[in-house]
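J.: Sequence:
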Amino acid sequence: MVSSLYLSEAFGKMANRLEAVTLKKELRQRTLARLQELAASDKKVLREEEILAELFDSSLWANAQTVATILPLPLEFDTEKVLRQGWQEGKRMVTPKSLPERKLAFHKTTADTERIVTNFGVFEPAIEALVEKKEIDLILVPGLVFRHDGYRIGFGGGFYDRYLADFQGQTASLVFSEQMDEDWQPQAFDIPVARLFIG
0 MVSSLYLSEA
10 FGKMANRLEA
20 VTLKKELRQR
30 TLARLQELAA
40 SDKKVLREEE
50 ILAELFDSSL
60 WANAQTVATI
70 LPLPLEFDTE
80 KVLRQGWQEG
90 KRMVTPKSLP
100 ERKLAFHKTT
110 ADTERIVTNF
120 GVFEPAIEAL
130 VEKKEIDLIL
140 VPGLVFRHDG
150 YRIGFGGGFY
160 DRYLADFQGQ
170 TASLVFSEQM
180 DEDWQPQAFD
190 IPVARLFIG
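Just so you know, we're using numbering that gives the first Met the number 0 here: the sequence shown kicks off at 0 and counts up by one.
Think of the hints as simulated: they come from the structure by calculation, not from any bench.
Check the hints yourself; a few may be wrong.
As the list claims (entries may be wrong) - Here are the simulated DSSO-like pairs of lysine-lysine, each with C-alpha atoms no more than 27 Å apart in a straight line:
no., residue 1, residue 2
1, 132, 96
2, 107, 90
3, 102, 42
4, 96, 107
5, 132, 102
6, 102, 43
7, 102, 80
8, 80, 90
9, 24, 96
10, 23, 133
11, 42, 96
12, 107, 80
13, 43, 23
14, 80, 96
15, 102, 133
16, 24, 102
17, 133, 107
18, 102, 90
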């Protein structure tokens with residue numbers, strides 16, 4: 000027979016998980032609204048330039064030969080500028096493709112790489128040019144909501160947390176101040192980013 004204490008603990012954990020899911024959903028919606036407002040202004044480009052100046056002046060960037068970033072959507076940080084800078088400096092730039100079971104793989108991406116739109120509405124490289132995880136020096140991790148200790152809330156798939164669980168290289172994120180929010184607690188499976196470039 001299942002004890003009442005066990006049931007109480009189980010229901011308590013379930014309630015906590017549901018509360019965390021609800022809070023994350025609210026934070027995502029709130030932050031998306033802020034990003035929409037930022038994108039509608041002329042400030043987004045200037046803020047990106049300030050953040051990128053700090054990134055490109057950092058040892059993280061200087062020491063990285065293979066850099067992973069995303070192919071951005073309009074509301075996201077314009078990482079096309081990161082790709083162009085990397086190509087100009089002769090770095091190997093890689094971008095993600097989604098796999099079954101919410102996993103990621105990164106593929107070499109050049110200015111000539113064809114792009115496709117996935118069922119999730121994101122851009123991915125069309126070609127297969129896999130780069131092994133151990134070869135990546137720096138991953139610029141996307142996200143919606145961030146804390147100053149590096150924990151982040153993404154779009155809900157857990158793709159990056161899975162990929163970063165055994166990643167040995169460097170991690171950073173390019174973050175608008177509108178995305179910063181300390182009013183939530185990370186969960187056991189969340190993986191923090193080592194450095195935030197905030198502007």
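J.: Run every hint past the structure and note whether it holds.
T.: Against the structure, the hints:
| no. | hint | in the structure |
| --- | --- | --- |
| 1 | 132 with 96 | holds (13 Å) |
| 2 | 107 with 90 | holds (11 Å) |
| 3 | 102 with 42 | violated (34 Å) |
| 4 | 96 with 107 | holds (11 Å) |
| 5 | 132 with 102 | holds (12 Å) |
| 6 | 102 with 43 | violated (30 Å) |
| 7 | 102 with 80 | holds (26 Å) |
| 8 | 80 with 90 | holds (13 Å) |
| 9 | 24 with 96 | holds (24 Å) |
| 10 | 23 with 133 | violated (31 Å) |
| 11 | 42 with 96 | violated (30 Å) |
| 12 | 107 with 80 | holds (16 Å) |
| 13 | 43 with 23 | holds (24 Å) |
| 14 | 80 with 96 | holds (20 Å) |
| 15 | 102 with 133 | holds (16 Å) |
| 16 | 24 with 102 | holds (21 Å) |
| 17 | 133 with 107 | holds (14 Å) |
| 18 | 102 with 90 | holds (25 Å) |
The structure does not agree with the numbered hints 3, 6, 10 and 11 stated previously, though it agrees with the rest.
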